[in-house]
Amino acid sequence: MNNLNKYLDVSPEVAAALAEGRAVVALESTIISHGMPYPQNVETALNVENIIRENGAVPATIAIIGGRLKAGLSKEEIEYLGKKGQGVNKASRRDLAVLVARGEDGATTVTTTMIIAHMAGIKVFATGGIGGVHRGAETTMDISADLEELGQTPVMVVCAGAKSILDLGLTLEYLETHGVPVIGYGTEELPAFYTRKSGFGVDYRIDTPEDLAAAFHASREMGLKSGMLVTNPIPEEYSMDADVIGAAIEKAVAEAKEQGIHGKATTPFLLAKIKDLTGGDSLDSNIQLVYNNARVAAKTAAALAKL
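Sequential numbering of the sequence shown, starting at -16, is according to this note's numbering.
Don't read these hints as lab results, they were simulated from the structure.
Treat each hint with caution, since some may be false.
Ranges between beta-carbon positions, derived for each pair [as the list claims (entries may be wrong)]:
1. Gly70 x Ala201: 41 to 47 Å
2. Lys58 x Thr123: 38 to 44 Å
3. Gly104 x Gly162: 21 to 27 Å
4. Asp186 x Gly229: 34 to 40 Å
5. Tyr187 x Glu37: 24 to 30 Å
6. Met205 x Asn(-12): 21 to 27 Å
7. Asp267 x Asp190: 24 to 30 Å
Ideal placement from N, C-alpha and C gives every residue a C-beta, glycine not left out.
All chains should be built: construct the whole structure from the sequences, respecting the hints.
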């Protein structure tokens, strides 16, 4: 922890768990405000917290409320973010200082969840998917801040891979340049969020939470400053047909281009469009993969707490 914690509120439950060396798993809040409609967003967020508890860890949902960095939200705070929805600022690293100074609210992305988790001393974070290098980035330079954060903040991120709205090959290249190991949990292939396969390989396959914890523990002990990316495939029964999702993504990307959508508006636009094009199947898949990541993250955090 550093002097930034004068801006940080850690909930009593999370603070007690950290003080006792028990397992804690960070959760982001963009999925609540921007990822799903109300009341499904609140229901999903509370279910994820329960899954983490059932698997031996304490959940710490992270957000910015009234200019305070929060590690661990109450049910009321989760409800507040869910109802306010897209009216909450989507907060990346560049937004933190201004939102705090102005006393505003912010829903944390992968980047800001990692920053606040690290500030609080939380080592493991479960999310849906990470951002990456956008298609056409060689001309737009549109690269998610998530990748940069993974290169400089030592938090383990458990996700279902990167959304196939991105350029997955370039995303892997970028992570490699920044020294971030990409681990396949029980797989040698990078999962692509809605589907289990992408055609791209991972750096290492690891099959148990204990082995994930051992690898991350070694990284921390050596003082490596980068994070670790664990890609956990969506369960088979919720995986979508690659051709169906591929066609929906192509159509959504073309529409975004036509409408001149760019920057932080891109991902929410594409996800909403894909949900419409798939008749809501993509939202169901999204919820299930988050639950699956929460299980793996909690078991890994519990194993890490014993080391």
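Tested hints:
no.: 1; hint: Gly70 x Ala201: 41 to 47 Å; verdict: holds (43 Å)
no.: 2; hint: Lys58 x Thr123: 38 to 44 Å; verdict: holds (40 Å)
no.: 3; hint: Gly104 x Gly162: 21 to 27 Å; verdict: holds (22 Å)
no.: 4; hint: Asp186 x Gly229: 34 to 40 Å; verdict: violated (25 Å)
no.: 5; hint: Tyr187 x Glu37: 24 to 30 Å; verdict: holds (28 Å)
no.: 6; hint: Met205 x Asn(-12): 21 to 27 Å; verdict: holds (25 Å)
no.: 7; hint: Asp267 x Asp190: 24 to 30 Å; verdict: holds (27 Å)
In summary, the one numbered hint that this structure violates is 4.
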